[in-house]
Amino acid sequence: MADVVLEVEDLRVHYLTRFGVRVQAVDGVSFTLKEGEILGIAGESGCGKTTLVSGCMGLYIPPLYHSSGDVRIGGKTIVGLSPEENRKNVLGRKIAMIPQGALNSLNPTRKIKDFAADMILSHDESVDKREINDRLRQRFERIGLKPDDVLNAYPVQLPAGTKQRVVIGISTLLNPQVVVADEPTSALDVSTQKAVIKLLFDLMDQGIIRSMLFITHELPLLRHVSNRIAVMYAGEFVEVGTAEQVIFDGRMPYTKALMGSMLSAEPGQKSKKPVAIEGAPPNLAHPIKGCRFAERCPQVQPDCRENPQVIRIVGERQVRCQYAE
Amino acid sequence: MPNEAPPKFEARGVSRLFGHGKKTTLAVDNVTFKIHDKEIVSLVGQSGCGKTVLAKMLLRLEKPTSGELLFNGKPIDAEPDPREHWRQVQAVFQDPFSAFNQFFTIRSQLKSSFRLFKQQPGEKEMEERVDQALLNVNIKPREIDGKYPFELSGGQMQRMLLARIFILRPQVLIADEPTSMVDACSRANILDYLMKLKEELKMTIVFVTHDIGLAYYVSDSIYIMHKGQIVEQGPPDQVTQQPQSATTRQLLDDIPDIHRDWVHRSAPKAATAG
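Protein chains in written order, with numbering that gives the first Met the number 0: chain A, 0 to 324; chain B, 0 to 273.
Chain A extracted, bound-state conformation:
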């Protein structure tokens, strides 16, 4: 049994708007991530995927607040740390993020080596220049870059693919236990997307990335990337299972609806029309009594709007639907 790296227990996170309205963006999410595992988190825009990640990283910057629950990385809680402590000891070291716009996240006015050195120095000021240089060279070589060409360059001088590698290289410089990839490929064309995924797998094989949370709204992509998939809706996990279970045999009506809105380029599939889910997710500023998907659910029953839904185990997967079987 592999070691558990990240444990999230009944995490609830809310936003406080400037009008004093409390929006419970993440409402009771629990999961664990094991060494060597990739957990995919899927859901529509606005379902709380990115907020959940902020919560897991301890980035409670107003208007985002921690309501209750715990996040443990390597057994130690990261909730309740001050922003300085969090930046120094948790971010980059225990949990690191690969940003969405990898091409725009490098400082255009600084050389790659200075930018990367900052990453090391901000966590440990005692490292001397020579050691930094050695460490950078070693790491960049390992991820398939030529240190001589890259380290002294400015971001504009590098081609897009190299920049992507550099960003991923810097994010993982301190060997974090968990890497969070938040829509790392949504701004890329399909061919670059494939190259990025290959790079991530490569780093995983080399042990540079040890476990990963992969966030996207593209279910077909998750089928290839992740071991397990968690489907998120209105701040809750509504289904968790292996990639195959969720993609091909989802039990929660929402999972099925999400799959129905995908389209396929396979020959002979043109007749299979993607079906959009009608309506919009509920407003989380108001408490919701019953099932959160009830208003849009094609199989809704009268009591769905009344009964609060809990996670049930249905055929080896966790499903938040009282009628799933």
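In short, the hints are calculated from the structure, not lab data.
On a predicted model such as this, the values are computed, not experimentally measured, just so you know.
Honestly, I wouldn't trust all of these hints.
Covered stretches of chain A, as calculated for chain B (at least 3 residues, CB under 8 Å) [as the list claims (entries may be wrong)]: (1) 42-54; (2) 187-200; (3) 210-222.
Just so you know, even glycine gets a beta-carbon here, dropped at the ideal spot from N, CA and C.
Given chain A, put chain B in place with the hints provided.
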């Protein structure tokens, strides 16, 4: 045949060169094609292959540096006023938030699209036609009253752009990556509206995308672009089932399809949850 209507667009050896001196980029390289009336044509290619530049030339936002571009059988710049062209050719872009002004309500901006018409309808008729257009994209007209662009989601804003098209009713719509900023669910929605525009308003649509899967789903004909050139063209079934060029095969191969292997992962998969 003299009686036959000319194609909507015809390009004869069109090129677009950027830069000058030694540093030049040939963004579109000697392309020749015809886009017929009431057709959905997709321009597919990787980032930087020139598909957006080509789309902009069709919109008369860029001028070809050489070659001939005809619209309805006449040179595209025959009319000195470009607005005349825009009455007939309209566009939907990737980022709806940058297409709308953040400081005005959505309704007032939708109403201002009537300014493009030569004859302004009355206030009441304008309101009615805006309402009608909103209903066309499944948004209750009262829902957006007094709202500003930042108050809506990306998917809703993209539908606002399409509502504008339902108001203007151009002959041709150029849709440049209209779905790349929205999630999969809104994407299915937007594709449906494009089909509706074609079927109900008999619009010709040029759909620009990097995802050949989307192109396959919506279009009557697909043009594959690579380094400024059109390397393959044909009906979607032919292009996706018997791809002739390496670019097409690459594009097809890169789509993460759930039913086939995509990226080989050498490490054994970690133990899954029991």
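Tested hints:
1. Residues of the segment 42-54 of chain A with a Cβ under 8 Å from some Cβ of chain B number 3, which satisfies the need for three, so the listed coverage holds.
2. Given a C-beta distance limit of less than 8 Å, the hint that chain B covers the segment 187-200 of chain A holds, as 10 residues qualify and 3 suffice.
3. Interface restraint, the segment 210-222 of chain A with chain B: holds (6 residues with C-beta to C-beta distance below 8 Å; minimum three).
The structure fails none of the hints (numbered hints given earlier).
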